[in-house]
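Given the coordinates of chain A, work out where chain B should sit on it, guided by the hints.
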Amino acid sequence: DAKTTQPPSMDCAEGRAANLPCNHSTISGNEYVYWYRQIHSQGPQYIIHGLKNNETNEMASLIITEDRKSSTLILPHATLRDTAVYYCIVRGGIQGAQKLVFGQGTRLTINP
Amino acid sequence: GAVVSQHPSRVICKSGTSVKIECRSLDFQATTMFWYRQFPKQSLMLMATSNEGSKATYEQGVEKDKFLINHASLTLSTLTVTSAHPEDSSFYICSASPKLRGENYGYTFGSGTRLTVV
Chain A
945 DAKTTQPPSM DCAEGRAANL PCNHSTISGN EYVYWYRQIH SQGPQYIIHG
995 LKNNETNEMA SLIITEDRKS STLILPHATL RDTAVYYCIV RGGIQGAQKL
1045 VFGQGTRLTI NP
Chain B
105 GAVVSQHPSR VICKSGTSVK IECRSLDFQA TTMFWYRQFP KQSLMLMATS
155 NEGSKATYEQ GVEKDKFLIN HASLTLSTLT VTSAHPEDSS FYICSASPKL
205 RGENYGYTFG SGTRLTVV
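For the record, the sequence lines run as chains A and B. Per the numbering used here, residue 945 is the first one in the first sequence, and the count goes up by one each step. Per the numbering used here, residue 105 is the first one in the second sequence, and the count goes up by one each step.
Only chain A is shown next, with the shape it has when bound in the complex (with noise of 0.2 angstroms):
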């Protein structure tokens, strides 16, 4: 599976847009890009994945480059719950049991 660059960290205010970029220069034509995030001491969740279009839910919106080499996961008004570690991830196929393998993240912290 490609690997992916994210930012250590970043900030953002309460009731903002948080966009969150992360970077797949060598993402294949057959990966997706999955976001997950993780709230301490607890499970990683999901947020939304997507191949080439971009992908919108009630959580997130997804924007994925034409060249797809890199992604921004747009979270449109964060609230304090928002503050999470974010897990950009590019895995092969929708289907089967193929493994996540979570790099570094980016911990956004929401500010009041």
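Honestly, the hints are just simulated from the structure, not real lab data. Backbone N, C-alpha and C define an ideal beta-carbon position, used for all residues, glycine too. Take the hints with a grain of salt, since some may be wrong.
[Stated by the list, open to error] Straight-line Cα separation of at most 25 angstroms, BS3-like style, residue types lysine-lysine; simulated pairs:
| # | chain 1 | residue 1 | chain 2 | residue 2 |
| --- | --- | --- | --- | --- |
| 1 | B | K118 | B | K168 |
| 2 | B | K170 | B | K118 |
| 3 | B | K159 | A | K1043 |
| 4 | B | K170 | A | K1043 |
| 5 | B | K170 | B | K124 |
| 6 | A | K947 | B | K145 |
| 7 | B | K168 | A | K1043 |
| 8 | B | K145 | B | K170 |
| 9 | B | K168 | B | K124 |
| 10 | A | K947 | A | K1013 |
| 11 | A | K1043 | A | K1013 |
| 12 | A | K1043 | B | K145 |
| 13 | B | K170 | B | K159 |
| 14 | A | K1043 | B | K124 |
[What the hints assert, rightly or not] DEER-style ranges, computed between Cβ atoms:
| # | chain 1 | residue 1 | chain 2 | residue 2 | range |
| --- | --- | --- | --- | --- | --- |
| 15 | B | I116 | A | Q986 | 18 to 28 angstroms |
| 16 | B | S215 | A | E1010 | 37 to 47 angstroms |
| 17 | B | T161 | A | M954 | 32 to 42 angstroms |
| 18 | A | L1024 | B | T161 | 35 to 45 angstroms |
| 19 | B | T220 | A | P952 | 22 to 32 angstroms |
| 20 | B | S215 | A | D955 | 21 to 31 angstroms |
| 21 | A | L1024 | B | S158 | 39 to 49 angstroms |
| 22 | A | M954 | B | E126 | 31 to 41 angstroms |
| 23 | A | L1024 | B | V107 | 22 to 32 angstroms |
| 24 | B | G120 | A | N963 | 41 to 51 angstroms |
| 25 | A | M954 | B | G157 | 35 to 45 angstroms |
| 26 | A | R960 | B | A176 | 40 to 50 angstroms |
| 27 | B | Q133 | A | G1036 | 18 to 28 angstroms |
[Said to hold, decoys possible] Calculated from the model, a selection of chain B residues having no Cβ within reach of chain A, i.e. all distances over 12 angstroms:
| # | residue |
| --- | --- |
| 28 | V115 |
| 29 | D131 |
| 30 | K168 |
| 31 | N174 |
| 32 | T186 |
| 33 | E191 |
| 34 | D192 |
Then chain B, alone, in the frame of chain A:
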């Protein structure tokens, strides 16, 4: 939605004893489950892939005789830390991959087990 239950959430044991951690998929069948370990301020490290009805696949550097994995049914995988030592103290997390799924929302994780070996 898919729910994974992990038990216990917290355990303290004496050095040299064994500890069993359970991971259950509550509303779906999971032919494959994954076990992770996380040390403070670090990311999750994949330990092994648990396969229902067959032997687990361990990541490089993980001792299979120390971390025993059993996946006897489609809804239960167990991780036993044998002869635990203080350096085994960590946060252990399981994750399940559903057997049948359409559009994949990704893997579901348990809430984790905080193991402290004294």
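Here is what the structure says about each hint:
For a cut-off of 25 angstroms, the pair hint linking K118(B) to K168(B) stands: about 21 angstroms separates their Cα positions. With a CA separation close to 16 angstroms, the supplied pair K170(B) and K118(B) stays within the 25 angstroms bound. With a C-alpha separation of about 16 angstroms, the suggested pair K159(B) and K1043(A) falls inside the 25 angstroms cut-off, and the hint holds. At roughly 21 angstroms between alpha-carbon atoms, K170(B) and K1043(A) fall within 25 angstroms of each other, so this suggested pair holds.
At most 25 angstroms may separate the alpha-carbon atoms for a hinted pair to count; K170(B) and K124(B) meet this at roughly 12 angstroms. For the proposed pair K947(A) and K145(B), the alpha carbon gap of about 20 angstroms is at most 25 angstroms, so the pair holds. Restraint check: the Cα-Cα separation between K168(B) and K1043(A) comes to about 18 angstroms, which is no more than 25 angstroms; the hinted pair holds. Straight-line distance between C-alpha atoms of K145(B) and K170(B) comes to about 24 angstroms, which keeps the hinted pair within the 25 angstroms bound.
For the suggested pair K168(B) and K124(B), the alpha carbons sit about 14 angstroms apart, so the restraint of at most 25 angstroms is met. For the given pair, K947(A) sits about 11 angstroms from K1013(A) by alpha-carbon distance, which is consistent with the 25 angstroms threshold. About 21 angstroms separates the Cα atoms of K1043(A) and K1013(A), which keeps this hinted pair within 25 angstroms; it holds. At roughly 22 angstroms between alpha-carbon atoms, K1043(A) and K145(B) fall within 25 angstroms of each other, so this suggested pair holds.
At most 25 angstroms may separate the alpha-carbon atoms for a hinted pair to count; K170(B) and K159(B) meet this at roughly 14 angstroms. In summary, the hint linking K1043(A) to K124(B) is supported, as the alpha carbons are separated by about 23 angstroms, within the 25 angstroms threshold. Hint check: I116(B) to Q986(A), Cβ distance near 20 angstroms, so the stated range 18 to 28 angstroms holds. Range check, S215(B) to E1010(A): Cβ separation about 38 angstroms, and the 37 to 47 angstroms hint holds.
Separated by about 35 angstroms at the C-beta atoms, T161(B) and M954(A) satisfy the suggested range of 32 to 42 angstroms. Between L1024(A) and T161(B) the beta carbons are some 40 angstroms apart, a value that agrees with the proposed interval 35 to 45 angstroms. Against the hinted window of 22 to 32 angstroms, the Cβ-Cβ separation of T220(B) and P952(A) comes to about 27 angstroms, which satisfies the hint. Remark: the range hint 21 to 31 angstroms for S215(B) to D955(A) is upheld by a beta-carbon distance near 27 angstroms.
At roughly 45 angstroms, the beta-carbon separation of L1024(A) and S158(B) lies within the given 39 to 49 angstroms, and the hint holds. Between M954(A) and E126(B) the beta carbon distance is about 36 angstroms. The supplied range of 31 to 41 angstroms therefore holds. Between L1024(A) and V107(B) the beta carbons are some 26 angstroms apart, a value that agrees with the proposed interval 22 to 32 angstroms. For G120(B) and N963(A), the Cβ-Cβ distance of about 49 angstroms falls inside the hinted range of 41 to 51 angstroms, so the restraint holds.
Checking the proposed 35 to 45 angstroms range against M954(A) and G157(B) shows it holds: the Cβ atoms sit about 44 angstroms from each other. As the Cβ distance of R960(A) to A176(B) is approximately 49 angstroms, the hint placing it in 40 to 50 angstroms holds. The beta-carbon spacing between Q133(B) and G1036(A), approximately 23 angstroms, falls within the hinted interval of 18 to 28 angstroms. Non-interface call for V115(B) relative to chain A: holds, since the shortest CB-CB distance, roughly 14 angstroms, exceeds 12 angstroms.
At roughly 15 angstroms, the least C-beta separation between D131(B) and chain A is larger than 12 angstroms, which holds for a residue marked as non-interface. For K168(B), the shortest C-beta to C-beta distance to chain A comes to about 16 angstroms, beyond the 12 angstroms cut-off, and the non-interface label holds. With a cut of 12 angstroms on Cβ distances, N174(B) stays outside the contact zone with chain A, its closest approach being about 17 angstroms. No Cβ of chain A comes within 12 angstroms of the Cβ of T186(B); the nearest lies about 23 angstroms off, and the non-interface call holds.
With a closest Cβ-Cβ approach of about 20 angstroms to chain A, E191(B) is found to remain outside the 12 angstroms limit, as its non-interface label requires. No Cβ of chain A approaches the Cβ of D192(B) within 12 angstroms, the least distance being about 18 angstroms, so the stated non-interface status holds.
The structure agrees with every numbered hint stated previously.
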